[in-house]
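Heads up: the protein sequence lines correspond to chains A and B, in order. Position 12 of the first sequence, counted from 1, bears residue number 12 in this note's numbering, the numbering being contiguous throughout. Position 14 of the second sequence, counted from 1, bears residue number 14 in this note's numbering, the numbering being contiguous throughout.
Careful, some of the hints might be misleading.
[Said to hold, decoys possible] According to the in silico footprint, chain A covers these stretches of chain B (three or more CB under 8 Å from chain A):
# : segment
1 : 17-24
2 : 63-75
[As the list claims (entries may be wrong)] Cross-link-like lysine to any residue pairs, in silico, SDA-like; alpha carbons within 20 Å at most:
# : chain 1 : residue 1 : chain 2 : residue 2
3 : A       : Lys101    : B       : Ser89
4 : A       : Lys101    : B       : Ser42
5 : A       : Lys104    : A       : Val10
6 : A       : Lys101    : B       : Thr44
7 : A       : Lys101    : B       : Gln41
8 : A       : Lys101    : B       : Gln38
[Said to hold, decoys possible] Ranges between beta-carbon positions, derived for each pair:
#  : chain 1 : residue 1 : chain 2 : residue 2 : range
9  : B       : Phe61     : A       : Glu5      : 41 to 49 Å
10 : A       : Gly28     : B       : Gly40     : 28 to 36 Å
11 : B       : Arg15     : A       : Leu54     : 47 to 55 Å
12 : B       : Gly40     : A       : Arg66     : 25 to 33 Å
Derived by calculation from the structure, the hints in this document are not laboratory data. All C-beta atoms in this analysis are idealised placements derived from N, C-alpha and C, irrespective of residue type, glycine included.
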Amino acid sequence: GQSLEQPSEVTAVEGAIVQINCTYQTSGFYGLSWYQQHDGGAPTFLSYNALDGLEETGRFSSFLSRSDSYGYLLLQELQMKDSASYFCAVSAGSYQLTFGKGTKLSVIP
Amino acid sequence: SAVISQKPSRDICQRGTSLTIQCQVDSQVTMMFWYRQQPGQSLTLIATANQGSEATYESGFVIDKFPISRPNLTFSTLTVSNMSPEDSSIYLCSVGTGVGNEQYFGPGTRLTVT
Numbered sequence: 001g002q003s004l005e006q007p008s009e010v011t012a013v014e015g016a017i018v019q020i021n022c023t024y025q026t027s028g029f030y031g032l033s034w035y036q037q038h039d040g041g042a043p044t045f046l047s048y049n050a051l052d053g054l055e056e057t058g059r060f061s062s063f064l065s066r067s068d069s070y071g072y073l074l075l076q077e078l079q080m081k082d083s084a085s086y087f088c089a090v091s092a093g094s095y096q097l098t099f100g101k102g103t104k105l106s107v108i109p
Numbered sequence: 001s002a003v004i005s006q007k008p009s010r011d012i013c014q015r016g017t018s019l020t021i022q023c024q025v026d027s028q029v030t031m032m033f034w035y036r037q038q039p040g041q042s043l044t045l046i047a048t049a050n051q052g053s054e055a056t057y058e059s060g061f062v063i064d065k066f067p068i069s070r071p072n073l074t075f076s077t078l079t080v081s082n083m084s085p086e087d088s089s090i091y092l093c094s095v096g097t098g099v100g101n102e103q104y105f106g107p108g109t110r111l112t113v114t
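If we strip away everything but chain A, and leave its shape as in the complex, we get (with noise of 0.2 Å):
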């Protein structure tokens, strides 16, 4: 089965950077996404990672490290529209995704 482990909070000041982690644990893995859901919304797709390294679309990025099984969304020039939750999931083949519990970010001015 799979496993996967992201805090369940954090808070940060707008204009600021920050960074999720997501920890996981998987019997086969092809690779780790990150979604964003707002209060009430659905989610939505922000980056695939299925190789080492950081992958940048716009002020999101996002890294992986297959050795580590670990990976983190990073945030720069916070915004108030960012508070939302963010979900790491993981695939383990056939496009099935197994998510994790999700991070609540709060963006605070």
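Given the coordinates of chain A, work out where chain B should sit on it, guided by the hints.
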């Protein structure tokens, strides 16, 4: 990208009844999935809806409780049968793009069982 709609958006149902949730996609997709999410909790995959064959269920979910139909590449239904208050949750459908782990999610159906 894909635009996904779900019906109903919310419902309140009595114990012992069944509810069928519809998921419509604006384009043909191969991969379609059904998830459950308790408010403030993670998403749990219920099953993969396969077009033309039986759905593939995850551990802990069975066809008698959650029958799924997938008559074509743009539509699927999930039925929550013989409901109990423990079935109160948000049910989401999603579609896979085939690119990495990217999935698009519908807006969800908020179900309350009394």
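Structure-based check of each hint:
no.: 1; hint: 17-24; in the structure: violated (count 0)
no.: 2; hint: 63-75; in the structure: violated (count 0)
no.: 3; hint: Lys101(A) / Ser89(B); in the structure: 16 Å, holds
no.: 4; hint: Lys101(A) / Ser42(B); in the structure: 5 Å, holds
no.: 5; hint: Lys104(A) / Val10(A); in the structure: 6 Å, holds
no.: 6; hint: Lys101(A) / Thr44(B); in the structure: 10 Å, holds
no.: 7; hint: Lys101(A) / Gln41(B); in the structure: 6 Å, holds
no.: 8; hint: Lys101(A) / Gln38(B); in the structure: 11 Å, holds
no.: 9; hint: Phe61(B) / Glu5(A): 41 to 49 Å; in the structure: 24 Å, violated
no.: 10; hint: Gly28(A) / Gly40(B): 28 to 36 Å; in the structure: 29 Å, holds
no.: 11; hint: Arg15(B) / Leu54(A): 47 to 55 Å; in the structure: 50 Å, holds
no.: 12; hint: Gly40(B) / Arg66(A): 25 to 33 Å; in the structure: 31 Å, holds
Violation of the numbered hints given earlier is confined to hints 1, 2 and 9; the remaining hints are satisfied by the structure.
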